[in-house]
Amino acid sequence: MVRERLISLDVFRGLTILLMTIVNNPGDWGNVYPPLLHAHWNGCTPTDLVFPFFIFIMGVAVPLAMPDKTYDDTTFNKILVRSLRMLCLGIFFNFFGKIQLFGLEGIPLLIARLAVTIVVGYALMGNFSTKLKNIFAFGILALYLILAYGGFENYQDVRLPGVLQRIAVVYFIVSLLYLKTSRKTQLITGIVLLLGYWAVMTLIPVPGFGEANLERGTNLAAWLDSVLLKGHMYHETKTWDPEGILSTIPSIVNGIIGLFIGQILLLSITKIQKAQRMGIIGVGLIFFGLMWDLVFPINKSIWTSSYVLYTTGLATVCLTALYYVIDITEYKKGFKLFVIWGVNPMIVFFASQIIPQALTMIRFQNPHNPEEQTNLLDYLYRFGIAPFFSNPMTASLAGALTYVAIWTFILWIFYRNKLIFKV
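Throughout, my numbering is defined as the position within the sequence shown, counted from one, plus 4.
For the record, the hints were derived by calculation from the structure and aren't laboratory data.
Take the hints with a grain of salt, since some may be wrong.
What the hints assert, rightly or not - Label pairs and their calculated CB-CB ranges:
id, residue 1, residue 2, range
1, Y419, N35, 28 to 34 Å
2, F368, G101, 16 to 22 Å
3, L105, S394, 41 to 47 Å
4, S394, T74, 56 to 62 Å
5, F392, T274, 48 to 54 Å
6, F387, I195, 28 to 34 Å
7, G200, P396, 42 to 48 Å
8, F387, T74, 56 to 62 Å
9, W45, I249, 15 to 21 Å
10, F392, Y419, 26 to 32 Å
Said to hold, decoys possible - Here are the simulated DSS-like cross-link-like pairs (lysine-lysine), alpha carbons at most 27 Å apart as the crow flies:
id, residue 1, residue 2
11, K422, K340
12, K184, K278
13, K422, K82
All C-beta atoms in this analysis are idealised placements derived from N, C-alpha and C, irrespective of residue type, glycine included.
Given these sequences and hints, build the entire structure.
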């Protein structure tokens, strides 16, 4: 079967990665418009849609990339190594700010960290033989674990979970489900995971806290993180991780629902029929997500089952709308920007995590206030962007959009030169 690139999926991916870049890079974290922040606990803002949309899009792409469902040792190895490469890229973000070499400080240390970043990035995104990909992926993962658990002071509290790590786990499981099971089995698996997670979170008592609950830091998922990830969790939550172990289980269903949509797109029916099926599924998922929210609140931090249904429903509706406009009516004007972002998400994901950390390492005396030390990122915003706006939230958004503009130029160059970075 010939694989035809689905432009609407590229556009949807581009929209999602662009929104991620905006919400992750405000000019001033103290002044951000509420829709560009995560919900404090229960609820869902536009920012809370980014991560589940990514997983859904990945799920849709799996059958489109492997329409023949051929499974053998070579295919399994490709899936495993790709998952490990994503996992290692995600973990590296957390190691970057802790790298110490030869007692270096300041700019020399920054140069050394960037050199390590280039080496690791090339090892995990370079196009090598299967053997070399295996060696690099397993070797880098082993190095991470040695540094994290080997008694090295600099790395004893490095965070191990993360966004790309969860995507890697879900990709591995969802790919195998697609290749080895029927759609009926996939459906049953998704239902069991969602119902099972709901039962575990609401019925099992939490050691040290008492009855089952869904509160911050005292629920079962938080307790499991504190036991299995002690010392290696998100620094702001400290005692639990928003991308922790137990909450990864329901996120698999975001990928499974994506699988269903991807398989619908491969059916030998008309495009209109495909859009109709997708639209009905999307609306149905939103409805059931909102109904489940009444007893199992929509919550990104613990990735509740209602959150899974609600976000995948919205993702399905968004993709359906784009599919109708772009792939059915063939109206493609105005979407080129999102295609440029959508075909190269991995390099944006990787580099956009590193660049802000690097800029904050460049410290110098503030020329506007000789008694103050500042860093390059803060200086560029405070004196290059903020003075032009009276509203600090608008200024903060302008800082994010400036960063987006810079990345758009870089991605345009990559697109023009057909440079696509993949794991």
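Against the structure, the hints:
Taking 28 to 34 Å as the suggested C-beta distance range, the pair Y419 and N35 conforms, at roughly 33 Å. A beta carbon spacing of about 19 Å between F368 and G101 agrees with the range 16 to 22 Å that was offered as a hint. Taking the beta carbon of each, L105 and S394 are about 45 Å apart, inside 41 to 47 Å as hinted. The given range of 56 to 62 Å is respected by S394 and T74, whose C-beta atoms sit roughly 60 Å from each other.
One distance hint, 48 to 54 Å for the beta-carbon pair F392 and T274, holds here, with the actual separation near 51 Å. Here the CB-CB span from F387 to I195 is close to 55 Å, at odds with the stated 28 to 34 Å. The hinted range of 42 to 48 Å is satisfied by G200 and P396, whose Cβ atoms lie roughly 45 Å apart. Distance hint for F387 and T74: a CB-CB separation of about 57 Å, consistent with the stated range 56 to 62 Å.
W45 and I249 have their C-beta atoms about 20 Å apart, which keeps the hinted 15 to 21 Å range intact. A C-beta distance of roughly 30 Å is found between F392 and Y419, which places it inside the suggested range of 26 to 32 Å. Taking the CA atoms of K422 and K340, the gap is about 14 Å. The hint holds against a cut of 27 Å. Distance restraint check for K184 and K278: the Cα-Cα separation of roughly 24 Å lies within the 27 Å cut-off, and the hinted pair is therefore satisfied.
At roughly 23 Å between alpha-carbon atoms, K422 and K82 fall within 27 Å of each other, so this suggested pair holds.
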